[in-house]
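Undergrad: These protein sequence lines map, in sequence, to chains A and B.
Residue 185 in numbering that gives the first Met the number 0 sits at position 186 of the first sequence, with consecutive numbering throughout.
Residue 415 in numbering that gives the first Met the number 0 sits at position 416 of the second sequence, with consecutive numbering throughout.
The set of hints was computed from the structure by calculation and includes no laboratory data.
This structure is a prediction, so every number in the text was calculated from the model and none was measured.
A hint or two may mislead.
A pair holds if it fits inside one copy or across any two, identical chains being indistinguishable in the list.
[Said to hold, decoys possible] Computed cross-link-like contacts, SDA-like style, restricted to lysine to any residue with a CA-CA straight-line distance of at most 20 Å:
#1 K23 x D289
#2 K376 x C353
#3 K29 x A107
#4 K360 x W236
#5 K162 x A51
#6 K360 x N59
#7 K29 x T323
#8 K162 x S270
#9 K303 x D293
#10 K29 x I112
#11 K29 x A320
#12 K29 x D316
#13 K319 x N117
#14 K162 x N116
#15 K319 x R134
Number of protein chains: 2
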Amino acid sequence: MSKIAVMGFGVVGSGTVEVIYNSKESIERKIGEPIEVKYILDLHDFPDSPYADKLTKDFNDILKDDEIDIVVEAMGGLNPAYDFCKSCLLAGKSVVTSNKELVAAKGAELLEIASQNNVNFFFEASVGGGVPIIRPLHMCLAANEINEIAGILNGTTNFILTKMIREKMTFDEALALAQELGYAESDPTADVDGHDSCRKICILASLAFGRHVYPENIYTEGITKITAEDVEYAASWGGAVKLIGWAKATHKNGVKESDVVAMVCPAFISSDSQLASVDDVFNGILVRGDATGDVVFYGKGAGKYPTASSMVADVIDVAKANGTSQTLTWVDSNQDFLIDYKEAELAKYVRAECENKDDAKQLIQREFGEVTLLSRKNCPKNEIAFVTPIMAEGKIDEHIKKLKDGGMTILSTIRVLDY
Amino acid sequence: MSKIAVMGFGVVGSGTVEVIYNSKESIERKIGEPIEVKYILDLHDFPDSPYADKLTKDFNDILKDDEIDIVVEAMGGLNPAYDFCKSCLLAGKSVVTSNKELVAAKGAELLEIASQNNVNFFFEASVGGGVPIIRPLHMCLAANEINEIAGILNGTTNFILTKMIREKMTFDEALALAQELGYAESDPTADVDGHDSCRKICILASLAFGRHVYPENIYTEGITKITAEDVEYAASWGGAVKLIGWAKATHKNGVKESDVVAMVCPAFISSDSQLASVDDVFNGILVRGDATGDVVFYGKGAGKYPTASSMVADVIDVAKANGTSQTLTWVDSNQDFLIDYKEAELAKYVRAECENKDDAKQLIQREFGEVTLLSRKNCPKNEIAFVTPIMAEGKIDEHIKKLKDGGMTILSTIRVLDY
């Protein structure tokens with residue numbers, strides 16, 4: 000008999016309980032024994048819930064009950080989720096979580112504790128919602144060196160960008176619509192400033208490269224400065240603006256000890272890319288392996304039942320693991336394998352105001368050599384837009400500074416990525 | 000120590016051996032013990048191969064060697080692969096295969112034998128090449144009822160259709176190019192007639208619905224009759240022609256005992272679909288679950304290293320299973336849960352010749368009510384094309400017969416699918 004506790008009875012927690020009871024028969028067939036949710040931890044009362052009898056406000060009920068061998072954490076946030084999960088692992092209980100903040104900040108430590116206590120710490124639901132990505136990535140890794148991962152990892156910002164692209168909305172209009180539809184929180188900072196994507200790319204990069212990548216070390220830029228003009232230029236260039244979390248091995252020190260560059264930023268993505276057609280609230284994650292080539296995973300990145308179904312898949316895997324530790328492991332690390340993002344080789348789209356277009360073109364050519372000039376309908380006389388050649392970002396920025404020195408006003412710059 | 004035998008030293012077999020030795024260190028770290036290829040079975044000599052000392056022509060060397068606990072089958076075809084794999088499983092050796100013909104024809108039997116002998120029979124590489132699909136599908140299944148699966152499962156035909164769409168080639172021109180580039184065999188029947196896709200959708204459907212679906216019971220139509228005109232009409236309709244293998248639960252008898260309809264056919268797919276952007280030799284597989292919604296897996300569906308990397312991922316899983324049977328199981332079945340494909344509800348694109356367009360339109364409206372008329376550049380005066388409303392295919396065909404009776408010549412019909 001697998002006895003489970005669910006911590007947090009919000010959207011994901013209640014979804015997980017529902018999926019467990021809706022699919023109870025098929026889950027039990029898969030794990031070969033009965034399954035039961037014994038406790039639901041939440042500080043609120045839910046007198047009308049069919050699971051009201053399982054509710055407790057005291058974490059110790061769970062921690063001290065030896066019958067509980069699997070704990071599902073769906074509280075979100077770092078505290079008290081971190082303390083609770085750590086205590087459970089130390090007490091020999093496996094933990095399944097959808098909490099990307101927790102995994103991105105404390106993954107290496109919790110994986111280590113799980114391993115020492117011969118239990119599992121699984122987090123399929125922390126990235127990509129209902130899209131299986133953590134375990135497939137682990138599978139890809141089995142026979143591949145992963146060179147790069149890039150993804151549209153946040154449905155809210157992708158919805159906003161899709162509305163800006165397809166319906167010519169401004170950022171503010173699209174954000175307001177996202178809030179109206181319940182896709183964005185009243186405080187949308189974590190989404191639109193890229194923090195949510197940052198946590199997710201940290202989890203994926205840690206798994207792919209075997210060493211913990213901490214969010215505070217990843218350059219993160221959100222979508223609040225993207226304008227309708229930028230979106231239009233992206234289309235004229237042959238692509239779209241997407242918020243991309245990406246991480247790339249630079250192979251400077253050989254494959255095994257490779258340096259890694261990682262970033263979250265809005266980017267021009269070619270319409271040929273599989274990521275370009277990931278629209279609305281969907282997520283898409285591209286894994287570039289040396290043997291498999293590009294593999295892409297696509298689906299709903301959030302939502303009650305998609306996320307709950309990933310939680311339940313983890314619960315089943317823990318139950319099937321039968322008391323052995325199958326933890327997907329990476330190790331803690333000082334962050335010296337992360338190279339400065341200014342060293343990343345890429346191109347940039349630049350939009351600028353100038354006094355005289357011909358002079359500006361000459362200046363641009365002097366700095367960058369041949370560039371791709373972009374156009375848009377009703378372009379003001381004094382606006383110029385182009386895509387630079389590929390070089391280290393720091394170099395590009397030096398040249399852009401020269402454009403400013405030469406009298407041009409830079410209106411926007413957006414990276415151009417090759418996914 | 001895991002000792003492995005590889006049967007078949009062609010493209011996939013030699014790729015598997017290479018990947019094992021190239022990633023030996025990382026594989027051994029994952030499985031926690033040394034790994035070695037002890038035998039390679041092939042009837043040819045490979046005197047220049049670095050693995051020449053491992054070659055044998057006698058299957059009994061493998062079968063009778065108790066040190067061999069994992070056998071990789073990369074011979075292809077039903078015989079002698081079936082006998083060899085069966086003998087290995089009966090002798091307590093786990094089998095990993097990329098052989099879709101074998102799994103589609105004998106999967107239920109070999110899974111049953113593996114289970115009885117407490118060994119594993121894995122076949123991740125049999126569908127989607129390097130794209131992880133078998134195990135992610137199994138994961139999705141854990142907490143989902145799968146309602147539908149649809150995929151572009153054959154890279155050769157997808158390459159041909161892409162060339163017809165993008166470069167306006169005829170079928171014959173595109174096939175010749177595919178042969179020139181080594182994507183198509185000199186006898187391309189298995190690809191262009193849909194048999195390869197049929198085997199793959201049978202494997203996916205068997206896994207999703209828990210009962211073996213045999214290829215001979217699946218209506219299969221290839222792409223040889225697709226014309227440049229059809230491709231043009233698909234574009235004017237807002238999509239593309241793709242060869243789709245699909246299987247769908249009809250839920251007639253409730254979810255658990257659902258009837259299933261499955262088919263391989265060229266189809267109009269809307270350009271909004273994630274499958275529409277799967278081009279060239281790539282594969283894309285859409286899984287529609289009740290909790291996750293649509294999840295799509297995309298990548299290279301064939302090729303030496305992608306396929307080999309899936310084989311090696313399976314080898315690692317077998318080695319980690321440590322002598323326990325983790326077989327992904329479905330059961331044999333009489334095929335009475337498969338309903339007649341004529342009962343499937345869908346729409347059809349119809350292209351026809353008529354004497355008089357106005358008369359033809361009236362006749363069409365009498366039969367189908369409102370239809371979507373399609374147009375193309377330089378359309379001959381006596382050609383008419385349209386998309387029917389959605390209804391059972393059998394009904395559509397009855398109405399089409401009436402069009403013929405009314406004097407119209409049907410030039411082509413292609414199904415319109417909602418993926």
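Undergrad: First find the shortest C-alpha distance between K360 and N59 inside one copy, then the shortest across copies, and answer within, between, both or neither for a cut-off of 20 Å.
TA: Classified as neither: same-chain Cα gap 69 Å, cross-chain 74 Å, threshold 20 Å.
Undergrad: Using 20 Å as the alpha carbon limit, work out where K29 and A107 are close: within a copy, between copies, both or neither.
TA: between (30 Å within a copy, 18 Å between copies)
Undergrad: For the identical chains here, do K29 and A320 meet the 20 Å Cα criterion within one copy, between copies, both, or neither?
TA: For K29 and A320, both the intra-copy (12 Å) and inter-copy (16 Å) Cα distances are at most 20 Å.
Undergrad: If the cut is 20 Å between Cα atoms, do K319 and R134 qualify within a copy, between copies, both or neither?
TA: both (15 Å within a copy, 15 Å between copies)
Undergrad: When no copy is specified for K23 and D289, does a C-alpha distance of 20 Å or less occur within a copy, between copies, both, or neither?
TA: Between copies only: 15 Å across, 40 Å inside.
Undergrad: Cα distance capped at 20 Å. Does K162 pair with N116 within a copy, between copies, both, or neither?
TA: neither (48 Å within a copy, 56 Å between copies)
Undergrad: I want to check one pair: K162 and A51. Are their C-alpha atoms no more than 20 Å apart within a copy, between two copies, both, or neither?
TA: neither (41 Å within a copy, 60 Å between copies)
Undergrad: Quick one: K29 to T323, C-alpha cut-off 20 Å, is that within a copy, between copies, both, or neither?
TA: both (17 Å within a copy, 15 Å between copies)
Undergrad: Reference check for the pair K303 and D293, CA-CA at most 20 Å: within, between, both, or neither?
TA: between (29 Å within a copy, 14 Å between copies)
Undergrad: For K319 and N117, with the copy left unspecified, which applies at a CA distance of at most 20 Å: within, between, both, or neither?
TA: both (14 Å within a copy, 16 Å between copies)
Undergrad: Go through the copies and call it for K162 and S270: within, between, both or neither, with a Cα cutoff of 20 Å.
TA: both (17 Å within a copy, 18 Å between copies)
Undergrad: Could you figure out if K29 and I112 sit no more than 20 Å apart (CA to CA) within one copy, between two copies, both or neither?
TA: between (27 Å within a copy, 19 Å between copies)
Against the hints set out earlier in the document, violations occur for numbers 5, 6 and 14.
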